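Visitor: Each chain is listed here by its residues.
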Amino acid sequence: MITGTEKPIEEILAMVEPYQRLILAGCHGCVTVCRVGGAKEVQVLASTLRLAREAAGRPLEIHEVSLERQCDPEYVEKLRGLVGGYQAVLSIACGAGIQFLAEKFPATPLLPGINTGFLGVTVRQGEWSERCQGCGDCILHLTGGICPVTRCAKSLFHGPCGGSVRGSCEVDKEIPCGWQLIIDRLEALGQMENYGRLKPCKGWSSARDGGPRRIIREDML
Amino acid sequence: MTSALQSSGQPPTGAVLVVGGGISGMQSALDLANAGIKVYLVERSPAIGGRMAQLDKTFPTNDCAMCIVSPKLVEVGRHANIELLTHSELLALDGEAGNFQARVVSHSRYIDIDRCTGCGLCELACPVSHQPYFPESAESPQSAQPAEPAEQPASAPASPAGREGRGGKGGRRGGGEKRLIRGNTPPRASGHEHWHFTVAADACGACGICHRACLQQAVRWQKGERADIDQESCTGCGACWVACPEKFSAIRVSAATEMEKGVGAAVQARARLLRREFAEARGLGCIRCGLCVVTCARVMGVGALRLVEEGVEALVDRCQVCGACVSVCPVDFLSLEQVGSRPARPLHNAFNEGLNLRRPVNILYPQAVPRVPTIDPLSCVRLNSGACGTCATVCGTGAIHYRAEGRERQIRVGAVVFSPGLELFDARRRGEFGYGISANVVTSIEFERLLSASGPTAGAVTRPGDGRHPRKIAWIQCVGSRDESCDRAYCSSVCCMYAVKEAVIAREHDAAIEPTIFFIDMRSFGKNFDSYVARATEQGVRLVRAMVSRVFEDPLSGDLELRYLDANGQRQREVFEMVVLSVGIQVPPAARALADTLHIATDRYGFVRTDPYQPLTTSRPGIFVSGAVKGPKDIPETVGEASAAAEAASSGLAAVRGSLATSTTLPPERPLASGEDLRIGVFICHCGSNIASVVDVAAVTEYARSLPGVVYAEHPLYTCSQDSQERIRALIGEHRLNRVVAAACSPRTHEPLFMSTLQQSGLNKFFFDMANIRDQCSWVHADSPEEATAKAKRLTRMAVANAAAGEALHEQEFAVDSRLLVIGGGIAGMTAALAAARQGFVVYLVERESELGGRLRAASRGNDGRDMAGYLQGLRQEIEADSRIRLFLGCEVVAQSGFVGAFESEIAMPSGATRTIHHGAVLLATGADENRPPLHGLGELATVVSQTDFGNLLEEASPPLPERPQVVVLQCAGSRDPDHLPYCSRVCCNQAVRNGLRFLERYPQGRLDILYRDMRCYGLAELDYRRARQAGINFIRFDPAVNPPQITTSADGIEVLIVDPSVGQPVRLLGDLLVLSTGMRPRQNEELASMLRVPCAADGFFLEAHAKLRPVDLPGEGLFMAGTVHAPKSAPESIVQARAAVARATTLLSRKSLTMSAIVSRVDPTNCAVCLTCVRACPYGVPVINDEHTAEINPALCQGCGICVAECPAKAISLGRYDDRNIEAKIASFGSH
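Protein chains in written order, with my numbering: chain A, 1 to 221; chain B, 222 to 1454.
These are calculated hints, taken from the structure and not from any lab test. Each hint should be verified, as a subset may be incorrect.
[As the list claims (entries may be wrong)] So, partial list: chain A residues that the calculated Cβ filter (under 10 Å) puts toward chain B:
1) Arg21
2) His28
3) Gly29
4) Val31
5) Thr32
6) Val33
7) Cys34
8) Val36
9) Gly38
10) Ala39
11) Glu41
12) Gln43
13) Ser66
14) Lys173
15) Pro176
16) Gln180
[To be verified] Okay, derived cross-link-like pairs now, DSS-like style, lysine-lysine, Cα gap no bigger than 27 Å in a straight line:
17) A/Lys40 with B/Lys1432
18) A/Lys78 with A/Lys40
19) A/Lys40 with B/Lys1447
From a predicted model like this one, the values you see are computed outputs, not experimental measurements. Ideal Cβ positions, reconstructed from N, Cα and C, are used throughout, including at glycine.
With the hints as constraints, model all of the structure from the sequences given.
Guide: Right under this line is the structure:
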């Protein structure tokens, strides 16, 4: 899931300062699940903005809407009839969704209502943790199901660096050393031989280093 | 019991009489009534609730006692199968089990309980605060009935001197001392809100007495002429009126609010107004309003006061010291010591432990059920001298009858539950602590009232002596417990925990408080108690192991010096600002007397005797016992026992269940036509004058008529009274109302009543809403009537909007399977299976092992020394002989689905096959294991054994011990230890003492040393502990952090080195055997917990639904537990729980169908994002993600708490009448106009 966090309300207020009529768009996808961009958050944020602007003597009209997903054109289309009547769209979907709206409605300014986080998992209610960086070349079968690209602060590929202290990363004691986790797991699984089977060097061209990526599935086109 | 029934040959009566309306009696009553048994609940005091209602918070969860008990009060009060007989006593019981005749007297309250609405106006109007001195002849209220018919209101203004020979002549009649009461400044006559006095020319005798009485020179009079009052200079003090001789009665009163009711009511009305006007002038001197004189003469009929130039003159010997003049004085000018010569006798409020005063007519406490006042016949002026009668004049429903008499009746019942409760030790008997002498020494129950938000100080911790906030407070434990010198040798079980709790809560109220608790042993033996005490010490509660020898008061400061010996034997003195005595609990004399009347055997302390393995059965068949009258115990144990006693009492009545129960039939519901116009009826309640004296109810009613959809509005005096309910029913039909709104008091207490009226009128009960214009309006805005009226309009408008937005909701019914699944065949499971079978249900008893008996198969003797194997064998044979019990030995429950009333379980058979069974409830009794940590060579060396091993060894014919064995017992071996079991196992101390006594029985020459941390021999087990010390067992205390024992064990023997704190020296013990008290540990319960979808606590035991009030209920509906699966406990305690769990299950299984609440969460699958938020947020674990990829909430399991609705990020969940639609309607209405 793509995670995100709320933007400070002052920042959003500054963003919407020039406008009197807005659409506030949530998304029923990942951001609903991680509780920053669902229908409830749309209502809460809209009420907050209205109250603040009311108090400042500059009322703001907000149209509240929640799309099934902001990253699929069919769902985004549902906004088309609406956007013309408003000055801007404030989206609390992830960065992908916001950009997609911007692309589809070139005449309308798009404002981000949240900060998009990472590809992660729900550790427990209210805690999320990063698990994947989308490097485009997965080797989890060799590393005990623990990703060195994500879990090691330096994305090292051949074991821990000198900063690994008692199982913790030197960046922050709260971060477990990814390589410690990998070695512990490989040992527990009896797969330490995998440690020697890692690639001599990781090709980063399939990752972000090769520039913005796209996927084309000929079979689906 | 069963045999007694068979012998009589007569069918039993399907009713049970419960003695005592405390938490025990209430729980028994509810469990019986919910299982179809008619209940007569007899309570001595005027209201149910008992001791628990007096408590502030409860350990170990710090739940507010009143908040958790008041729903039970309401439920008992409203239950159709419970007949509440408060202010009543059981006089005699004839007959035998199954067919008793009980003689019950209900003492007169002087209030008609059916008419009274509990508005409390009588208590507000009563001016008497002290026990008056009545004339000798009238001391007994029964002998002196009022001279005139009691039902007439007090004298009307036209004939002010209605009573012969009283009042009228003021101070001129009779002699005695006259005392002048004067302030620092002369009286400033105020004519504020004054009454108008005129002279009736035709009646005036021209005597001139009024002229002389008037201090304002307002009465003009010439000898031989009639008097005349100059209204310009009259201040309305009433001196002329009081002075006018009775035979003339020539002074007339007008412009007096409420005078049409009576003088008493009028005085109160004016006093209220003056109090508001002169709020700033309190204590600044007399304002010569004359209310004191009028009250004394015209209300009390005494005439001991007279207004004089300098102030007020009192005939101190004539004064009856009732306090009426003081209580009506709006500026606090008078005091009772000044007006009377005899000592004042304050009427102490017993519910607040005498910390404040009450009136002769009073409601026991604000949340009382029934919320009906009682008149105290000893102190009421009307009942004794015939004067006053103010309360009857203010009562709007005519509920007060001064001539009402008590009523005696015969009641036929099949069984009796005896639970009269406890009283507290009289701390005066320990004079060295200064209770009753030093004002700042209080008892623990008084301290509870000080902590209580509804107590005499509204929750402020202040010293009774001077009202100051104390900083250092000391608790002294075991006052009237563990004390042979005052014949209280037993332990009261609860004091250690309540003292710690009071200390914690006191610090919550005021962080400056430094609490210290002086104790002997910290007996925190219950579930989660030790961790509570640990948390308390972290939060600043200081624990000192010492018994205080004396308390000395500093007469100037009121501070208290405590003297004690510290752990090193050094004398210490320490000064505290307040001392709380942790008083023990005992059987009240009245309960002892009643036990004698009922022919129930008791012990020397008055506790009811029972067999440990028949813990609910008294010596008289058909009478069962529960609660503290059987031995000191805390609330959850009492609740468990109460359920168990209910089960035991109904066991012989299963065949006649439902025969005397009440059932109501409702008319069919009128469906609303689509598009039917709103027709709203609005009822604005006066609540006597509770609301109407502040809020202009007529204006609110007029306003309500203007609201959209409202077709009818009126303002009844009491909307909740029986006749108003009848009227609402008629109006619903007459005006075809389809919504009803009541603007009155609290929905918490009254919504069910109105809803049932709607149902009886064929209207869906959810077409109703309530606005609370009393508690939230008139009571809190008494000084701003205009704003209060505006607020009442707005609250009413919102309720109308909400009712308009209401939808018809329906409660679904579903059939109940009456079979019970019992998992676990130990003593709890076996007891439960037999009890449930006797209740008439089919039982599936599943035991994993190939034999019944559980852990007790390993024990040779029971708690009372009985042969355990024989006892278990008896149970086994009974189970095998009972055709209603299907036994599954060597089997396990592997899967479970369904919900309360309709469960389906799969049982894995020894063959490997599975079998599916259907049942309505589950009783979990899978037990615990003996803890056997590898400590000191346990399990390896023959010289190291566990306490259970030791008990068995002592039963062997020739134990492998020398002739004079030396045994060392180590308590808490692997218990209360973060490395092993962090909790206390509760049973080990008693087990060690019992085994020790048995050891000395067999080896009188042997030596036994017990190394302990705290001897937790709670309740009556303290007597055994005492016996053990006297028998010569050596107890050595250790603290792991201070003097841990050094233990060396080998195959040849053992050696222990320890510093004995009692002598302050190291000692060396050599022994043949080391016995470890290792405690109990939970079984691997995770799988079971996940299958039943209920939580286990961190320590591995199952969590109960509520630590205090639902001790045998699991958090899932229809799931119950008993025995050590809940927490460590003894076999008798497990038996009690087993029968309690059956009682709880019977309340479900005895029904043909169950009703699901209409207020349940519903998921709209089209919006569900399957985010799992509801699944994680639900405290009851109800929502699941189903095969259709959407969240699903089973309405039979949903508790309607609304948490998921608030949390759902996709707004896909809604909850009955609490929808966004409702809330938005209210908000929109709030902002409109």
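Visitor: Hints first: check each against the structure and report whether it holds.
Guide: Status of the hints after comparison with the structure:
1. Interface restraint check for arginine 21 of chain A: the shortest CB-CB distance to chain B comes to about 22 Å, outside 10 Å, so the restraint is violated.
2. A hinted interface residue such as histidine 28 of chain A counts as satisfied when its beta carbon comes closer than 10 Å to some beta carbon of chain B; here the least separation is about 5 Å, so the hint holds.
3. Interface hint status for glycine 29 of chain A: upheld, as the beta-carbon distance to the closest one in chain B is roughly 8 Å, under 10 Å.
4. With its C-beta approaching chain B no nearer than about 9 Å, valine 31 of chain A sits inside the 10 Å limit, and its interface hint holds.
5. A distance limit of 10 Å between C-beta atoms decides the matter here; for threonine 32 of chain A the minimum to chain B is near 4 Å, and the interface restraint holds.
6. Interface hint at valine 33 of chain A: satisfied, since its Cβ lies 4 Å from the closest Cβ of chain B, which is below the 10 Å cut-off.
7. With a cut of 10 Å, the hint placing cysteine 34 of chain A at the interface with chain B holds, because the nearest CB-to-CB distance is about 8 Å.
8. Hint on valine 36 of chain A holds. Least Cβ distance to chain B is approximately 9 Å, under the 10 Å limit.
9. At its closest, the beta carbon of glycine 38 of chain A sits 3 Å from a beta carbon of chain B; the interface hint therefore holds under the 10 Å criterion.
10. Annotation: interface hint on alanine 39 of chain A holds; nearest CB of chain B at approximately 4 Å, less than 10 Å.
11. Annotation: interface hint on glutamate 41 of chain A holds; nearest CB of chain B at approximately 7 Å, less than 10 Å.
12. A least Cβ separation of about 7 Å between glutamine 43 of chain A and chain B falls short of the 10 Å threshold, and the interface hint therefore holds.
13. The interface hint given for serine 66 of chain A is met, as the beta carbon of that residue sits about 8 Å from the closest beta carbon of chain B, less than 10 Å.
14. With a cut of 10 Å, the hint placing lysine 173 of chain A at the interface with chain B is violated, because the nearest CB-to-CB distance is about 24 Å.
15. The closest approach between the C-beta of proline 176 of chain A and any C-beta of chain B is roughly 24 Å, which is over the 10 Å cut-off, so the hint fails.
16. Interface restraint check for glutamine 180 of chain A: the shortest CB-CB distance to chain B comes to about 26 Å, outside 10 Å, so the restraint is violated.
17. The hinted pair formed by lysine 40 of chain A and lysine 1432 of chain B meets the criterion: a straight-line CA distance of about 6 Å does not exceed 27 Å.
18. Under the criterion of a C-alpha separation no larger than 27 Å, the hint pairing lysine 78 of chain A with lysine 40 of chain A is consistent with the structure, at around 19 Å.
19. A C-alpha spacing of about 19 Å is found between lysine 40 of chain A and lysine 1447 of chain B, which places the hinted pair at or below 27 Å, so the restraint holds.
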